[in-house]
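K.L.:
Given chain E, put chain W in place with the hints provided.
Protein chains: 2
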Amino acid sequence: MSGSEASRAVTRWLEAFSTALEARDIAGALALFGPEAYWRDFVAFTWNLTTMEGRDAITDMLERTLDRVSPSRWTADGKASEGDGVTQGWFTFETAVGRGKGQVRLKDGKAWTLFTTLQELKGYEEKAGFTRPNGTEHGAFKKRKSWLEKRQQEEAEFGYSVQPYCLIIGGGQGGIGLGARLKRIGVPTLIIDRHARAGDAWRKRYKSLCLHDPVWYDHLPYLPFPDHWPIYTPKDQMGDWLEAYTKLMELNYWASTRCRSASYDEGKREWSVVVEREGQPVTLRPRHLVLATGMSGVPNVPHYPGADMFRGKQHHSSLHSGGEGYEGKHCVVVGSNNSAHDIAADLWEYGAASVTMLQRSPTLVVKSETLAKFRSLYSEEAVRSGIDVDMADLMTASIPYALLPRFLKPVVEQIKKIDAEFYDGLRGAGFMLTFGEDESGIGMMYPRRGSGYYIDVGASQLIIEGEIGLKAGASIRRLTEDGVVLQDGSELPADLIVYATGYGSMNGWAAELISPAVAEKVGPCWGLGSDTAKDPGPWQGELRNMWKPTAQEALWFHGGNLAQSRHYSRYMALQLKARMEGIPTPVYGPVSNA
Amino acid sequence: MSGSEASRAVTRWLEAFSTALEARDIAGALALFGPEAYWRDFVAFTWNLTTMEGRDAITDMLERTLDRVSPSRWTADGKASEGDGVTQGWFTFETAVGRGKGQVRLKDGKAWTLFTTLQELKGYEEKAGFTRPNGTEHGAFKKRKSWLEKRQQEEAEFGYSVQPYCLIIGGGQGGIGLGARLKRIGVPTLIIDRHARAGDAWRKRYKSLCLHDPVWYDHLPYLPFPDHWPIYTPKDQMGDWLEAYTKLMELNYWASTRCRSASYDEGKREWSVVVEREGQPVTLRPRHLVLATGMSGVPNVPHYPGADMFRGKQHHSSLHSGGEGYEGKHCVVVGSNNSAHDIAADLWEYGAASVTMLQRSPTLVVKSETLAKFRSLYSEEAVRSGIDVDMADLMTASIPYALLPRFLKPVVEQIKKIDAEFYDGLRGAGFMLTFGEDESGIGMMYPRRGSGYYIDVGASQLIIEGEIGLKAGASIRRLTEDGVVLQDGSELPADLIVYATGYGSMNGWAAELISPAVAEKVGPCWGLGSDTAKDPGPWQGELRNMWKPTAQEALWFHGGNLAQSRHYSRYMALQLKARMEGIPTPVYGPVSNA
Chain E
52 MSGSEASRAV TRWLEAFSTA LEARDIAGAL ALFGPEAYWR DFVAFTWNLT
102 TMEGRDAITD MLERTLDRVS PSRWTADGKA SEGDGVTQGW FTFETAVGRG
152 KGQVRLKDGK AWTLFTTLQE LKGYEEKAGF TRPNGTEHGA FKKRKSWLEK
202 RQQEEAEFGY SVQPYCLIIG GGQGGIGLGA RLKRIGVPTL IIDRHARAGD
252 AWRKRYKSLC LHDPVWYDHL PYLPFPDHWP IYTPKDQMGD WLEAYTKLME
302 LNYWASTRCR SASYDEGKRE WSVVVEREGQ PVTLRPRHLV LATGMSGVPN
352 VPHYPGADMF RGKQHHSSLH SGGEGYEGKH CVVVGSNNSA HDIAADLWEY
402 GAASVTMLQR SPTLVVKSET LAKFRSLYSE EAVRSGIDVD MADLMTASIP
452 YALLPRFLKP VVEQIKKIDA EFYDGLRGAG FMLTFGEDES GIGMMYPRRG
502 SGYYIDVGAS QLIIEGEIGL KAGASIRRLT EDGVVLQDGS ELPADLIVYA
552 TGYGSMNGWA AELISPAVAE KVGPCWGLGS DTAKDPGPWQ GELRNMWKPT
602 AQEALWFHGG NLAQSRHYSR YMALQLKARM EGIPTPVYGP VSNA
Chain W
52 MSGSEASRAV TRWLEAFSTA LEARDIAGAL ALFGPEAYWR DFVAFTWNLT
102 TMEGRDAITD MLERTLDRVS PSRWTADGKA SEGDGVTQGW FTFETAVGRG
152 KGQVRLKDGK AWTLFTTLQE LKGYEEKAGF TRPNGTEHGA FKKRKSWLEK
202 RQQEEAEFGY SVQPYCLIIG GGQGGIGLGA RLKRIGVPTL IIDRHARAGD
252 AWRKRYKSLC LHDPVWYDHL PYLPFPDHWP IYTPKDQMGD WLEAYTKLME
302 LNYWASTRCR SASYDEGKRE WSVVVEREGQ PVTLRPRHLV LATGMSGVPN
352 VPHYPGADMF RGKQHHSSLH SGGEGYEGKH CVVVGSNNSA HDIAADLWEY
402 GAASVTMLQR SPTLVVKSET LAKFRSLYSE EAVRSGIDVD MADLMTASIP
452 YALLPRFLKP VVEQIKKIDA EFYDGLRGAG FMLTFGEDES GIGMMYPRRG
502 SGYYIDVGAS QLIIEGEIGL KAGASIRRLT EDGVVLQDGS ELPADLIVYA
552 TGYGSMNGWA AELISPAVAE KVGPCWGLGS DTAKDPGPWQ GELRNMWKPT
602 AQEALWFHGG NLAQSRHYSR YMALQLKARM EGIPTPVYGP VSNA
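Those sequence lines, one after another, are chains E and W.
Residue numbering for the first sequence follows our numbering, beginning at 52 and increasing consecutively.
Residue numbering for the second sequence follows our numbering, beginning at 52 and increasing consecutively.
Calculated directly from the structure, the hints in this document are not laboratory data.
Among the clues, some could well be false.
[Claimed, not checked] Restricting the straight-line Cα-Cα distance to at most 20 Å, the calculated cross-link-like pairs of lysine to aspartate or glutamate (EDC-like) are:
1) E/K196 to E/E301
2) E/K194 to W/E516
3) E/K298 to E/E432
4) E/K194 to W/E378
5) E/K193 to W/D118
[What the hints assert, rightly or not] According to the in silico footprint, chain W covers these stretches of chain E (three or more CB under 8 Å from chain W):
6) 134-148
7) 197-206
8) 263-276
9) 396-409
10) 451-465
11) 508-517
Note that CB positions come from ideal geometry on N, CA and C, so glycine has one too.
The following block holds chain E by itself, in its conformation from the complex (with noise of 0.2 Å):
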């Protein structure tokens, strides 16, 4: 099939589609679609993140929705293109209340998937390019108030006798993209964040730490890092970068500031959150409550008996400053995900006198230069064929959870092959291996668990040699004054333990801050249910209380990496905004994935 032909059949289904959706013919939409049909929405039908799967979920949607939304004027954009026997095609299209934008893939020209997204309300786009502000009010006013009194005078108010409309707790490149979405588009926001300075998230991890994942990959929204920006940003450097965006782009955030509690009034429909600003307690009263603590939630700590008898030092990876000082030493890694090998190979630079990871589950491991051959979406060569950032994050969006595996297996088997050598040097080094149960790999792990894996940039090759110790299978039974015992029995001296064992879901945030209750109403936080190792069942098809309404009303959770942060603080942005201008906002489909 030409690409013209591609096209004229998207061109066709799209008309097809809108003439049965206007007459409110649902079984006529039906008919537009396969025997296998994936329709997953963000906010422009269902105000949620949901995926119908299957004829009888997209029916029961459109039943429930179609009448309110009214969508209209469905235009394909771009190019429609074809391979495998799957045409695909762009579109945008209208609602009642904002304009969307979307794709649809065909299969013998029914929809084998659709992906719809709201973009912007109707009424409230964001103020750029045509309609920027115009910074200075040309004319002559009595008592005029410049930027900067302007600019001092909200920061004086705001969080006193002004109170946010919405407030994120944490101040990382989460709670940082959020807050410039919300800025954009007139949601008055404050951002609290525990440390001194913007980005001090990033300064205070170990030393050698760059970002894993490519500078294609880790845009934040608005302002996209330069062209001659490093491939994969040191930490240092990323703080600055968060730290500067925060002031250019204007928001309100108040470093230094603890959450000490927070509660619901579901009379008020507001939150009374006490926070410690600079040591100063201070009740703030938002109506929407985000947590943006962190892609992970509270760190996970184990207790091992003699842990009060242990001479050396001890801390988990989140503490974990880096290799300096530990020269000579023997030193304990307790895991074996990304933390815990790039600690194990910083302190192997830096001179310990051994390194010795426990490994107690297999792990995926992945090279970083052949993950990153295998995401063009994020590349130089996408960023020369006009695929920008938020192109390439609905492209990435626009595969239903669902049928990701499917997609993803051939990479995996081509990875395997690729670094054959790297993989059977793991394995003869001990080193337990896994690509997931379904084979995977990498790009279902990370959903499923958000962690169990290793993007490799160096601490493998360590391992292999023999340079960085390995005890797999291994976990501690009690520590002594100077070292650790293995439950097998065997002994290792110690100068340093690192816990590098991960976090709980981010509702423990919840139970801390709020209460058990609440956390225990929303349920825990990411995973897909796919009844794989640390992700039980039932299946949810979507991240579980990610960007989207929970069972808690009012309160949010925002976290993920990079380009999640970037790409669904958009959707998190309209859904706040909607409810702040009073624009209805009923909800289809799970809340509370509990």
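P.N.:
Positioned in the frame of chain E, the structure of chain W alone reads:
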């Protein structure tokens, strides 16, 4: 002529031109120019910014440069266009040492104007896009230094044990933008600035100041303002942008540093520059010295009899921080250019009892909004049609100064018509108006004088309404204890006198920091030698001494508005890089424009 015919005409011309140049057939090349012919070259052929005006000048230049430059690969770039009998098209080409971009305008198939620019040096291309750095080196290395450690080491050593190749005095937008360009091509550069923070030169100006040019005109290199940025940037926001930019671009920037003296050692071919950094003297030994001390030179402060007995406040406009504190006070503003108008309006807005402007000579006034309409290359429309700021800069520079009045006079005619009522109002208030001696408007006034105009953002209406008093043709005879006496003997009460009396030539800085002898050797900066008021001849064809070699080896001047600083910093950076790498840079054409 259709677009494709235009493209064919340009391609044909380029092929013939290329053939002649490759055969070193200068007569043949000249046969491709029309009777009226201009060739503007930025660095590519001349290692200078020079316009060859007329066939003889072109012949002479080719005779002296062609063998060495050895141009080749002339290739049409994009679509050509035709209008009013002129066909114009862009092209790329190469020289022995670099790659260039240019434009030709054809009349009757012969070149009317040719524009050639060097864009990069072969082997020394900017590291960006595909060639950006990795950020981290994957693998494991003992004693690896992190980005932060390397940066801290550089900051500790640079200017002390490690000398900059280039020292830029003045860290405003000019110095910062040039610093960013030099950083990208690896020229070790130090920027010094007397203020405590980058951006303070903006922050410390009068409170109401916003850029008079719109945002599309004001981008710095590499990191454009995001698309919500206001059209007219408020000064403090501009300060914050510059400060963040300096940090994100990893520039070596010494704040709170004053240059005390500089001298050039012709034997060693290096400068000895004594600076005071936070009170401590440091001697720097750069190979090149760039004065980026502001678009203008040393402030002109008039000294009137009685100045010492005046009991109010009096200061130059550069030291005026705003109208605050002058409520109910009588204020006199000497001068009638941008700053004078802004300051007068600001005093009025603060409720001064009276504000009187002393207009000493006719002034060009143009409304900001009207001007913006005629600056379509720098607009949202241009952005949407694919004209990025680099292309807009080239398009702007493609017209030789000698021809510019011809392009500008019709614009002035239109502006006069659009704003006829406005200009009548100003005349009615007694304001002495000019549109330039040859009615070529601000577009020529600016390169000729760098002053003499007001881009109206509101003050003119106050003058029309008499809210700001005007004394046209007036100047001060002497000051009294509480006012000023004008030349006509009339008196004005005054609590404040602001001298918005402009600045001397930039080479005043050379006199002050290096020596009067060097300043005299170099001659004045700026101005075209148009033989109009304040721009004495002889005709230069280019701005004197700006962004190009001067009569003092290794001394350079950089400045201009944001757009000029952005565009010309590219050529400054290439000239400095070539010298650093030992690429021969024989300069053709006038060096000292004294």
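K.L.:
Next step is simple, just say for each hint if it's right about the structure.
P.N.:
Status of the hints after comparison with the structure:
| no. | hint | in the structure |
| --- | --- | --- |
| 1 | E/K196 to E/E301 | holds, 17 Å |
| 2 | E/K194 to W/E516 | holds, 19 Å |
| 3 | E/K298 to E/E432 | violated, 31 Å |
| 4 | E/K194 to W/E378 | holds, 10 Å |
| 5 | E/K193 to W/D118 | violated, 65 Å |
| 6 | 134-148 | violated (count 0) |
| 7 | 197-206 | holds (count 5) |
| 8 | 263-276 | holds (count 3) |
| 9 | 396-409 | holds (count 5) |
| 10 | 451-465 | violated (count 0) |
| 11 | 508-517 | holds (count 5) |
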